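Trainee: As given, the protein sequences belong to chains A and B, one line each in that order. Numbering follows this note's numbering, in which position 90 of the first sequence is assigned residue number 90; successive positions increment by one, without gaps. Numbering follows this note's numbering, in which position 132 of the second sequence is assigned residue number 1132; successive positions increment by one, without gaps.
If you're looking for bench data, these hints aren't it; they were derived computationally from the structure. Model, not experiment: these values are computed from the prediction. Among the hints, erroneous ones may be present.
Said to hold, decoys possible - Pairwise CB distance ranges, derived in the manner of DEER restraints:
1) A:Ser593 / B:Tyr1074: 26 to 32 Å
2) A:Asp583 / B:Asn1094: 15 to 21 Å
3) A:Gly293 / B:Glu1022: 43 to 49 Å
4) B:Gly1095 / A:Ile400: 30 to 36 Å
5) B:Ala1331 / A:Leu366: 26 to 32 Å
6) B:Thr1259 / A:Glu512: 32 to 38 Å
Unchecked claim - Residues of chain B placed beyond 10 Å of chain A at every Cβ, according to the derived structure:
7) Asp1013
8) Val1017
9) Ala1128
10) Pro1152
11) Gln1247
12) Leu1254
13) Trp1257
14) Arg1273
15) Thr1291
16) Ile1319
Claimed, not checked - Chain A stretches covered by chain B per the calculated footprint, using a threshold of three residues with CB under 8 Å from any CB of chain B:
17) 295-307
18) 324-333
19) 368-376
20) 393-400
21) 415-422
22) 429-439
23) 495-503
Positions of the beta carbon are idealized from the N, C-alpha and C atoms, including for glycine.
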Amino acid sequence: MTAIDRPQDVVGHEHEEGSFLDNRGLGFWGTIWDWASTVDHKKIGLMYLTAVLLMFFLGGVAGLAVRIELMEPMRMAETIGEDGTPTVELQGVAIDFGSEQTAEDGTKYWSFESTRESASTTYNRLFTIHGAVMVFLFIIPSIPAALGNFLLPLMLGAKDVAFPKLNLFSWYIYLTGATIAVVSLVLMGTDTGWTFYTPYSIQTDADYYRVFLMILAAFVLGFSSILTGLNFIVTVHKLRAPGMGWFDMPLFVWAIYATSIIQVLATPVIGITLLLLIFERLFRVGIFDASMGGDPVLYQHFFWFYSHPVVYVMILPAMGIISELLAVHSRKHIFGYRAIAFSSLGIAGVSFLVWGHHMFTAMGELASAVFSALTFLVAIPTAIKVFNWIATLYKGSIAINTPMLYALAFLFLFSIGGLTGLPLGALATDLHLHDSYFVVAHFHYVMMGGTVIAFIGGLHHWWPKMFGKMYNEKVGMFACVLVFIGFNTTFFTQFILGTQGMPRRYASYVDEFQLLHQISTVGSWLLAIGFLIHLGNFLHSLIAGPKAPPNPWGGLSLEWEAESPPTAHNFHHEPLVKHGPYDFESVVPPHCSEEEFPLPKSVS
Amino acid sequence: MMQDAAVAVDAPDPLAVFKSHELRLVPESGGLLEKLFFRAAGQNEQAVMTDGLFLLIFWFSVFFFVLLMGLMVYWVIKYRRRPGVPAPLSAPHNGPLEIFWTVVPSSALLVIFLAGFWGYMSKVVAPADALRLNVTGFKWDWEVVYPGGEKPAYTMPLGTKDAVKIIVLPENSPVQLLLKSNDVIHAFWVPDYRTKMDLYPNRLTTYTFHTEKLADDEVYRDHWVFCAEYCGQSHSEMYAIIRVVRQNDYEAILADWNTGSLSCEELGELVYRTNCVSCHTVDGSPGIGPTWLGSFGTMRALENGQQVLMDENYIRESILYPEAKRVAGFAGQNMTAFLGLSEDEIAGVICYIRSLSEQGQDTPEGEEAPGDGAGTKGDSADG
Ligand code: HEM
Ligand SMILES: [Cu+2]
Ligand SMILES: [Cu+2]
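Looking at chain B on its own, in the form it has when it is part of the complex:
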């Protein structure tokens, strides 16, 4: 698929094209209104749905607006003041009419609310097979870590910045971002995918999108990433590029980026062996603390009778503040807070615990099959 790469005689770099400084943004497409509002039609199902809802609200608004303004202008002209002519008598109110214009718009609003919620869920609940990226925001750039531990190594100079990161993603695949910040609040916005989420220094947030399919003659397609939450001096320079490529190119690029660092899961396993193994088991056998096998995405019963979903934030909180939520059945056992772990190591532990659940799913007879909670994430408990 690298037919575009320059076929130089000496050392042809098959990846040269992906290091290109040429921006290939989505060309304008779609109907007139879509071009006006979004420049190009949505790049994935979620974006198409968002645009659809937006245009639905748009036409709903246009209808009411034109109706109201039409009446306003018509009446202002028709009933303009004429000297000596009094205003004709009219009723001071009209019950049925007022009920009508309360109920009808209300029901339309209900439809808009439901459509909005449905579309939102498709943007925050990731499919199980999503490619999981750990994204860190800091003043004023992004760091991205791929599941294998790779980090983007290609950059391009743009404007006043000489190294804008190029985040490479495979075409036509679901992607989940696990976001956190090192300093103040940022927000990771990909306008082409019509979604964003804030990054916080004290907890993890997440969202998902599906990359588009490239056209036959395309080698890559670029999308802007902007920081959308004000973060100080160079807030407006905090941008990056998402470059969508074909699957095999993606693999080649990641191989190129691999510096031999541990994958997310391996890092987590290492942290486990050095810190956690004395209390937690990973094979389902009992220990001083709860076993990790098949636990991710399940509801955990707490000592105080509440239930909590075992998700990224719960794991992070349990590492840093173990006493905040105590699992039922471990009275008298106290876990030390591992405040010394880095955010990368915590992300590793999350990958590792998650992988222990995915193995459980693979074996049909797995005794500790995770519950059905895996798909839906509850309200981040410590928000």
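Excised from the complex, chain A in its bound form:
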């Protein structure tokens, strides 16, 4: 009943090859060069991890600033004088980038004096920074590029991805795109929103190249996405360890595979769209701007044709993580493995047919009806996955630790996110809720409550594997609870704001909404504290954490075969797959004893 053959003598060789993190006596610059020129998927994964976490921090700070601005309504804060003229009292100007002013002699200068105009300009730039950084620089690359790069070859029992050099190239493209975006931010950012809707994005800030830079950044980042996707697809097809059929792959691999397909098919569309947008901005050709004979709705079709599938690029890998966490920590085969695997592919397919649900207020009756119907179609495979995950818990042996808490939090938050998609997909209710805070809450529940929560959960789960160190479980669980409470406080209030009539992307608002906005802002602080505690916990683990065993959770997928951290070539010898990734009922996990992870009696 031993699972994968690891002849005992191999253990003796373990010290021949050090951990991939060993700097092998290279000096400081030597180590830097070693990392900068590495083709090791694990090192590239860790570099992505550092970068996306940095971006998460940057986007998070912008998000907190947006919330602070919304503490005060501003518009109604002033009193109307006896004579009927309002005396303006400015409140709620939290952070001010200043604004461009024109002096009497026509020269332009930058003023940091707080005016209502500069306050809303600042706000508009902040939410754009927040959205663009979170979407293009954080969420899209987060799970696939960071965890995917690290884990995919390990889970397949391979030495590396199919094209290691291409992988390094993708990383440098990402770095280039990120640099361009940061340059545009340092130059005071743009105010188009992450959606770059035309004609606004073509007309705004006409003297500056910031909008151009921001769009260019998104364009460049797209290539990184496409190449990584391509690399992963080939890796899954070609590099599975001997004995691993398609249905022996861990569900995380299935999810990354489905994601890669979407990335390769959809990203070129946004690439071309952004290119057209750049052309239009620089050379004034009319494609999307009506004042030049273009059509703004065309832009929206192009944009959402990419951006709807991309929400599944964000969520599918998260779903993959959740499948792993639930199975390993409840020691259960995942319920309905094939249903989950196929629903990933189903979602990837249908996701290309529903983009119009972002445009119900822009299209005619027929198109709206068709897109609404198709939208409900995509809800079904999503619901099936949730049912399967919960059924996985049935008759498990459920460990309560940070990864598991995150998996449960995911089920809670993602269910709310999915269910609130229903009133947005139904036409009558969407006409009310579209572009309101309800939509803001909906996509935070799916993207943050779904993807970010799964990402942090996965980070805890694979942290021992990546760095060979354990983190402090109690601190991790405490921070998880804090994040959960903070998240709900921040975003549940926004559902109610939306149904009550609060529009999206508003720097100021009418008095009625103040209480809910304030609760939301306080929630965002809890959330921030929770994340900072996680950060501290991780740093502490790196410096002083106890050494991690190769398989602390008793996982069965191949990455747990490897050392923690893995050796440079991942495995001492090519693994031979003799059991599925979720055969917890019949297989003692590698590196583990049966006392630790007992098998059901009838089998052993």
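Please build the complex by placing chain B with the ligands on the supplied structure of chain A, with the hints as guidance.
Mentor: Okay, now just chain B with the ligands, sitting in the frame of chain A:
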């Protein structure tokens, strides 16, 4: 009905009350959930229907959510890990169960979809007798033109804005908005009526709502109008107020606002006489181009064999880009593009052509009775 107006000795202004800077928003009403989600129960049939659908979805969601989370928490506690105790055996999947939980929610979704579509139609298809307003959005305010050519003249200072427009509407009447933008995209959202639509610089969009009946002791009731599509710096200041008043007050206010400008229809007729009369007739007789009589809302056969609905966007397109869609039977005849017409003049032409169809409806024996297309608007052709 102006008993509230101050009965001053000298020059009593019977309309003073409607110029009031006092906001009288809808007071909180309805059940607990309605208060939480919407502050007040819906103000018209469409809004009540929308809230109903929302609450239906809400309860549907609550049911599934509680069921799933209940099972999750129960199982996590019941099957928590005990050292040395293995997980009991269980089946890795269950076909009938999986089919059951696919089919049942799917059928519920079908119901939600249908209800949503039905409610949507009542928000976009205007009744024939609707009051038609031309609304233009621009950075960062709204311009409204009433059918008689009047424009709102009452404003009030609110927040940092010193002239927020008050759009007066008669109580208990259907209203249709014909929307367009002068610059970027905006969206006209009236949360109390639970509906919105985008405004575009290159085409017309439309939607409809029904104003509510005022209570006996009410003189007016206010509703917020917000811009819901991000449009730049003062996007969040782009708001207005809809003030619903009684019918006779509405007429008095519009008379007060009338500056002698031409009504929408008159403007259209003027444009017709100066530009179009040489080719188009309005009495049904043949001309170089198609006659306008009774044409609005009908399906037109095109040269390429397609059919197109004669609606606001089709008229606008035919004025600006006449060659885009050519009506069958006029081969060899070309119309010049009237790019010099303003959006107001185009709106006038639309009013005028529409009025030519309504006359057709009035005369029972009218030979050119418009087809049955008048009620339903197709997908905006050039979208
Ligand atoms: C049951 C599944 C879902 C349904 C039925 C659904 C439905 C919708 C609809 C109809 C909208 C448009 C709302 C509007 O703008 O009026 C929307 C917006 C959005 N959804 Fe979902 N959704 C679902 C799941 C997801 C998931 C899984 C994600 C991402 C991980 C997601 C991300 C978003 C985002 C980012 C937006 C807003 C985009 C923007 O305007 O900036 N949704 N959703
Ligand atoms: Cu979507
Ligand atoms: Cu606007």
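Trainee: A separate judgement is required for each hint: does it hold in the structure or not?
Mentor: Hints and how they fare:
With their beta carbons about 31 Å apart, serine 593 (chain A) and tyrosine 1074 (chain B) fall inside the hinted range of 26 to 32 Å. Checked against the hint of 15 to 21 Å, the C-beta distance between aspartate 583 (chain A) and asparagine 1094 (chain B) comes to roughly 18 Å, which is consistent with it. One distance hint, 43 to 49 Å for the beta-carbon pair glycine 293 (chain A) and glutamate 1022 (chain B), holds here, with the actual separation near 46 Å. In this structure the supplied range 30 to 36 Å holds for glycine 1095 (chain B) paired with isoleucine 400 (chain A), their Cβ-Cβ distance being about 32 Å.
The hinted range of 26 to 32 Å is satisfied by alanine 1331 (chain B) and leucine 366 (chain A), whose Cβ atoms lie roughly 30 Å apart. The hint said 32 to 38 Å for the Cβ distance between threonine 1259 (chain B) and glutamate 512 (chain A), and at roughly 35 Å that hint holds. The beta carbon of aspartate 1013 (chain B) sits about 15 Å from the closest Cβ of chain A, which is more than 10 Å, so the claim that it is off the interface holds. Chain A leaves valine 1017 (chain B) outside its interface by the beta-carbon criterion, the shortest separation being 15 Å against a cut-off of 10 Å.
Every CB of chain A lies more than 10 Å from the CB of alanine 1128 (chain B), the least distance being 18 Å, so the non-interface label holds. Non-interface status of proline 1152 (chain B) relative to chain A is upheld: no Cβ of that chain comes within 10 Å, the nearest being about 18 Å off. In this structure glutamine 1247 (chain B) is separated from chain A by more than 10 Å, as the shortest Cβ-Cβ distance comes to about 27 Å. The Cβ of leucine 1254 (chain B) sits about 24 Å from the closest Cβ of chain A, beyond the 10 Å cut-off, so the non-interface label holds.
The Cβ of tryptophan 1257 (chain B) lies farther than 10 Å from every Cβ of chain A, with a closest approach of about 20 Å, so its non-interface assignment holds. Every C-beta of chain A lies more than 10 Å from that of arginine 1273 (chain B), the closest at about 29 Å, which supports listing it as non-interface. With a minimum CB-CB distance of about 27 Å to chain A, threonine 1291 (chain B) clears the 10 Å threshold, and the non-interface call stands. With a least beta-carbon separation of about 15 Å from chain A, isoleucine 1319 (chain B) lies farther than 10 Å from that chain, consistent with its non-interface assignment.
Given a C-beta distance limit of less than 8 Å, the hint that chain B covers the region 295-307 of chain A holds, as 3 residues qualify and 3 suffice. By the rule of at least three residues with a Cβ nearer than 8 Å to a Cβ of chain B, the coverage given for the region 324-333 of chain A holds, with 4 such residues. Restraint check on the region 368-376 of chain A versus chain B: 5 residues with Cβ-Cβ distances below 8 Å, three needed, restraint holds. Using a Cβ-Cβ cut-off of 8 Å, 8 residues of the region 393-400 of chain A lie near chain B, which meets the minimum of three, so the contact claim holds.
Given as covered by chain B, the region 415-422 of chain A passes the check, having 5 residues with a CB less than 8 Å from a CB of that chain where 3 are the minimum. Residue count for the region 429-439 of chain A with a Cβ under 8 Å from a Cβ of chain B: 7. That meets the three needed, and the coverage hint holds. For a cut-off of 8 Å, the count of residues in the region 495-503 of chain A with a CB near a CB of chain B stands at 5, and the three-residue condition holds.
Of the hints listed earlier, there is not a single one the structure fails to meet.
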